[in-house]
Amino acid sequence: MYFGLSEEQQSLEDNIKKYLEDNASLDSIKEVAGGDSAKSADIHKGLLELGISGLMVPEEYGGLELDMLFASVVSGALGSGTAPVPYAGAYVMAPIALTLAGTDTQKENWLPKIAGGEAVVGIGLSEYVGAREDAAITASGKTISGRCLFVIDAKEADAYILANKAGELYLVDAKAKGISVTDLVTVDKTRPSIELNLDNVEAELLPGSENNQDIINKVLDAGRLMLAADSIGASQVMLDKAVAYSLERKQFGRVIGSFQAVKHMCAEMAAELEPCHSMIWHASHCYDHDPSQARLMACHTKAHVSEVGKQISKTATEVHGGMGFTDELGLHYWFKRIGLNRQLLGSPELVREEAARIQNFDQSPAGGQSKKEVGNPLLV
Amino acid sequence: MYFGLSEEQQSLEDNIKKYLEDNASLDSIKEVAGGDSAKSADIHKGLLELGISGLMVPEEYGGLELDMLFASVVSGALGSGTAPVPYAGAYVMAPIALTLAGTDTQKENWLPKIAGGEAVVGIGLSEYVGAREDAAITASGKTISGRCLFVIDAKEADAYILANKAGELYLVDAKAKGISVTDLVTVDKTRPSIELNLDNVEAELLPGSENNQDIINKVLDAGRLMLAADSIGASQVMLDKAVAYSLERKQFGRVIGSFQAVKHMCAEMAAELEPCHSMIWHASHCYDHDPSQARLMACHTKAHVSEVGKQISKTATEVHGGMGFTDELGLHYWFKRIGLNRQLLGSPELVREEAARIQNFDQSPAGGQSKKEVGNPLLV
Amino acid sequence: MELEYGPEYDDFRAEVKSFVKENEGVNLIGKSLRSSDRVDWQQKLIDHGYFARSIPKEYGGFGGDMDILKTRIIAEEFAKSPIPKPLGGQGIQMLVPTLLELGTEDQKQAYVKPTLRGEIIWCQGYSEPNSGSDLASLQTKGELDGDEWVINGQKIWTSTAKFAQMCFCLVRTEPDAPKHQGISYLLIPMDTPGIEIRPIMQMTGDADFNEVFFTDVRIPATNIVGERGEGWKVANATLTHERGSLADPDVMMNRLYALIDLMKSETIDGERVIDKPAFRDRLLRVQGKVLAQQANALRLLSSSINKGQDTTMARFITKLIGTELRHELEGLAIDAMGEMGTLYEDSPHLRDSGSWQMSYMYFLGLIIGGGTNQIQKNIISERALGMPKEPKIPGA
Amino acid sequence: MELEYGPEYDDFRAEVKSFVKENEGVNLIGKSLRSSDRVDWQQKLIDHGYFARSIPKEYGGFGGDMDILKTRIIAEEFAKSPIPKPLGGQGIQMLVPTLLELGTEDQKQAYVKPTLRGEIIWCQGYSEPNSGSDLASLQTKGELDGDEWVINGQKIWTSTAKFAQMCFCLVRTEPDAPKHQGISYLLIPMDTPGIEIRPIMQMTGDADFNEVFFTDVRIPATNIVGERGEGWKVANATLTHERGSLADPDVMMNRLYALIDLMKSETIDGERVIDKPAFRDRLLRVQGKVLAQQANALRLLSSSINKGQDTTMARFITKLIGTELRHELEGLAIDAMGEMGTLYEDSPHLRDSGSWQMSYMYFLGLIIGGGTNQIQKNIISERALGMPKEPKIPGA
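Protein chains in written order, with my numbering: chain A, 1 to 380; chain B, 1001 to 1380; chain C, 2001 to 2396; chain D, 3001 to 3396.
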């Protein structure tokens, strides 16, 4: 029995963090946020060399065919460094969707390119998760029409995989006729969001997803795990920065980290955050190895981490005092990244409701799925 | 414009607090909790002399006909002293029910006795608020049958006023045939709870309540205000005791109240509690003088105070360390009183849902009842 | 308990209402600060007693009695209309009361009237990079050289520095005195050579604050309020003012109404967010807190009219509770919008001009600014609950 | 990541299962403590290696290797059955490991085996009325008089004092030494003249703890573990043990299942509480926290098997998070029951034997006990985050 990261996973995490420290400094992130797309392309290129695009692609299509824990580890490292690159959609959800539901041709067309870092495939599940503004797509023959909001990793993508309300997945070439792309400006300047409007655009169904919500749910679970991992990575950095700042900053003749109020703020953050690391590992493990728990764990991890992340991004900013509010220190890049992750693929209330449905709370009678405690509840 | 207690209200509060300090010491409360009913009868008698039974009774029936703020002030003082006496039901809700919905005969029979401290009338609204265990009463001709849980102030009462699901109120003589009384043992030993089982018991409808939920709602609002006031009084005492204890108790060579952690725990309690005093005053004022806000304020005050009280009863106990957990210090009498108040006449989630219905959130469109902000939201 | 203001005030309200109605065409958008249109408008408000009401005529005020209810009526009626509001800002809220209490006759003559008329805009030079919570440790130095102060050092969080003509500033003039007794309160013209202003870009994307650098800045020796070394006392009168003003319950209530509207119009799969009970319960929790705050504010209002009401605690908690609650409220709005709640700046589909995200961040700033909420808790525990101050640490 | 225990453990589990099945008729309810039936059962568990597994045979243990997974399997399988569980308590969890590490050969011979067999029950004499969070300030005095310690003073929060034969006790024996260096760890027979026990009635209505008064209590000089003045170090090894044991995630998970069941069976106006979304959302929030705790516990389990996993933080937070979460969970159950949730003791309509109210209060006690959660936050910040200790105050 071993619960934790393998050496390979640990070293992949370390490599990506090291790469980002060296190549995606705060100054670089500020440049990207200011619109320097060459800078983000550079960072993206370096990360591709570290292999981030091939993790989820089967070996027969040139990928590494690793398990979800690898993907989470990478996402956490990217979150730590507020990496301005596509990942959750393009390199995790999209290859999973293609692998699980695509035809051989679809796989051959796209998976090797994804693994090789030659194609970015954006993914749009918002309508399935919970449609805002009545955004919806409808299929008619070989085309689809409608609107998709918050398509993930879709800026400058080569293709999109888009879901309708029933959870069926359509593959659309980004150069197809009838597509218009609108930038959505969010608080998070490290990952662009876009909206697609589609007018009779040629589209291929991923046939495995037809009348089968298991596929989209698997894609969704993976995406939620990635967002959660990203927030955990970002939250850990915010906590670390808060502690470090509190040990430097002096007021009243002492470092502020010697004040019990500040110490307890940091201790509370740590106490909330530490189990999240184990939780994402466990949830990622269940994704591959425990189907009975996989969906429940993915939902709960996304929701729980979102709540913890919200609290930490607030508290860590407070520990920094006025400096936490400035662009100079740049703490807000992590704050906003955690803020966007919270809302993508379902805000906590929605995801918890899904966790309730997964457990059939609405149907099963008392005692149905749970075991009664034996003995004295005070025996701890 | 004057927002606050009048001199009369302030002096009534002071008198009751003084009386309880002198006559309902912690030792007395322990005796009552241990079953000494003579002790509680003594305390009750003294409070009757201070006039607690006649506040809500119209002058023509021998009462003082005061407004709700007086009643809240008294309830707060009783909560401060964990007074082991009937009040919210017997001396506030019951006379209001009789006054608003009773016949002249019913009023003549009961109101003078209530005002004179000669009769205690218990009140049972649980089914109307939210039936547990399917407890319900049904009327048939001149009798009612069924079960009422948590009838307030009903232990040793002379009569009961009981509501059915429709909110109709029935007056039942406690000596009537077919009634069986069962003690419910709760955590709060200062106020007994009972269950009534009724088998074709002779009952009089309070006719004003027939097909008219305004009456029961008015009674319910009053009851909720009393419970909230009681919890505010008890919470204030818990906070005061925590501060006092922290200034006495030494650890690490200093009073624990000099540690920032303890200071901030107390400051947080104070910051949550202080507005509750104003809130209960405002809600009580609205009860009499602003019908458009009365129900909303009563619901919100009950729910909000319940949440604040829960937090304070926990935190104040923590400040007391191990001693907070003992019977010797007796802090738990306040803790448990706040705990019972929280659940009576609707736990917070239920009462908030009622506040939502009062505001027609389920029907009205956006902009319907609310005013849009003018100008910059950051102008503070 | 009497929540009506009474007939005198009903008349006054009617008068204000009619003024507002008569002037609803006035529009100063686009007019530059200190322009004659703005100054004229400001003077008109003073003439009617709708601004600077209790400030003596000789210093440019209306010369009426202090009347909080009238002040409140004016604020309420002006808030209902798009007409230009009376000027605010640190000069009016902090400097003017300070000068009236502690300034020399010359200072009052020189500064109060033009400040009220909007001809002089002030900024505040208190915080320094190394003196935030521990403001009294400030190090910007002032040395008397003949009949001039020579000022060197750096201030931070100076909000209107870019527009201001003057700065009221705390400067260490007695380096050998204990830290609270070595500070003087100086008035510095912002066009004095040696002043450099650098805006601070902040998390909201705006730059509402600045750093201000002083290098051999020379000002007349007479530009001091109070005595040398008494600046801490002088400043403290006005700090009290600032803390009270950070959490207006009317604004909070309006914001709550806007949130309710938002939750009625925002939908998920066509269902209104307000119809989702988990969201609705969060809304109702917030509403309960807002109502509690509103009642607390009524009590404070009452105590400023009626003598003898003890509102020490009620006053000390407003900044802590008000900023936390507002941050919570704005955060709920973002959750209610979900992904759409992350939109910002000039994005398509942006709700309410992005004010929810903006305020969510800005109020985190206010939780920190104006005495962090940790400092507020110290103050509440020490000054309102009577708990001991942090013990002195040797060498600190 | 490998969550399976492997085939060796599958075999072991099968063996334990069959033992449990064979013995499911054993029932010790009503048998007195230290009765031969209980001692025999305890010995049987030791003989099978289901208890005292890694304690050497010479001291009465099973003499096997330390194997956390087997320990866990035993606990899991025993938990599923009503058969009597292995003994717990402070003697077994704290005193035995201490003696094995730091006791003399005579002490090990005298105490370990009978303690494991349940023939000696211990109580812990650490806290004093004036020494709670600041345990090292304890004042119970021990003076050497010839070949005896003479003990005077008072202990508090001594949980099993009424049944115990022995007390392991911290006593100040070197009054002139610095406070951490003046303490010795003594073993006191509870039948020594001069010991008085007074139960402490607590908020739950039970009296799980006692005060113990020592008046000229004389014990042999050899009843000391470690050297004079080293008692603080001796005790600290076992304090670490205690903190880890306060929050078993399996118990938490079972309690969550019980809460889910409760919310499915409890109704309001005939509607199940779990079908009310505001309650359900609270349940799901708690479930998320429990799952996070469970994962944290898996990590700790793993680190006790696999060398080199750094779990400093994961370990330090368990008491803080575990007790707060459990208190929250129990409180939600009470709200779910509403008025019925206030029922207690032997009331009609009582749910689950009143365990929700009982645990709600008891876990508030645990938030306070075993190092208050404020002390836990100090520890987390200082030992896991590397933040400074509270500065020394002069005279303190």
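Hints are supplied without guarantee of correctness; some may be wrong.
Claimed, not checked - Straight-line alpha carbon distances no greater than 30 Å define the calculated DSSO-like cross-link-like pairs of lysine-lysine that follow:
(1) B:Lys1142 with B:Lys1113
(2) C:Lys2179 with A:Lys165
(3) A:Lys250 with C:Lys2017
(4) D:Lys3031 with D:Lys3233
(5) C:Lys2307 with B:Lys1310
(6) B:Lys1250 with D:Lys3307
(7) B:Lys1165 with D:Lys3162
(8) D:Lys3162 with B:Lys1030
(9) A:Lys17 with D:Lys3307
(10) C:Lys2392 with A:Lys310
(11) C:Lys2085 with C:Lys2141
(12) B:Lys1039 with A:Lys310
(13) A:Lys250 with C:Lys2233
(14) B:Lys1018 with C:Lys2021
(15) D:Lys3389 with B:Lys1250
(16) C:Lys2307 with A:Lys250
(17) B:Lys1310 with D:Lys3392
(18) C:Lys2389 with D:Lys3307
(19) A:Lys107 with A:Lys30
(20) A:Lys250 with B:Lys1018
(21) D:Lys3389 with C:Lys2389
(22) A:Lys45 with A:Lys250
(23) A:Lys310 with D:Lys3389
Said to hold, decoys possible - Chain A side only, calculated, beta carbon under 8 Å to chain B, not exhaustive:
(24) Tyr2
(25) Asn164
(26) Gly167
(27) Gln260
It should be emphasised that the hints constitute simulated quantities derived from the structure, not laboratory data.
These numbers come from a predicted model, not from an experiment.
All C-beta atoms in this analysis are idealised placements derived from N, C-alpha and C, irrespective of residue type, glycine included.
Hints, verified against the model:
no., hint, in the structure
1, B:Lys1142 with B:Lys1113, "holds (24 Å)"
2, C:Lys2179 with A:Lys165, "violated (66 Å)"
3, A:Lys250 with C:Lys2017, "violated (52 Å)"
4, D:Lys3031 with D:Lys3233, "violated (38 Å)"
5, C:Lys2307 with B:Lys1310, "violated (34 Å)"
6, B:Lys1250 with D:Lys3307, "violated (42 Å)"
7, B:Lys1165 with D:Lys3162, "violated (52 Å)"
8, D:Lys3162 with B:Lys1030, "holds (24 Å)"
9, A:Lys17 with D:Lys3307, "holds (24 Å)"
10, C:Lys2392 with A:Lys310, "violated (35 Å)"
11, C:Lys2085 with C:Lys2141, "violated (38 Å)"
12, B:Lys1039 with A:Lys310, "violated (52 Å)"
13, A:Lys250 with C:Lys2233, "holds (24 Å)"
14, B:Lys1018 with C:Lys2021, "violated (55 Å)"
15, D:Lys3389 with B:Lys1250, "holds (18 Å)"
16, C:Lys2307 with A:Lys250, "violated (42 Å)"
17, B:Lys1310 with D:Lys3392, "violated (35 Å)"
18, C:Lys2389 with D:Lys3307, "violated (46 Å)"
19, A:Lys107 with A:Lys30, "violated (37 Å)"
20, A:Lys250 with B:Lys1018, "violated (49 Å)"
21, D:Lys3389 with C:Lys2389, "holds (18 Å)"
22, A:Lys45 with A:Lys250, "violated (41 Å)"
23, A:Lys310 with D:Lys3389, "holds (28 Å)"
24, Tyr2, "violated (38 Å)"
25, Asn164, "violated (28 Å)"
26, Gly167, "violated (30 Å)"
27, Gln260, "holds (4 Å)"
Checked against the numbered hints given earlier, the structure breaks hints 2, 3, 4, 5, 6, 7, 10, 11, 12, 14, 16, 17, 18, 19, 20, 22, 24, 25 and 26 and satisfies all the rest.
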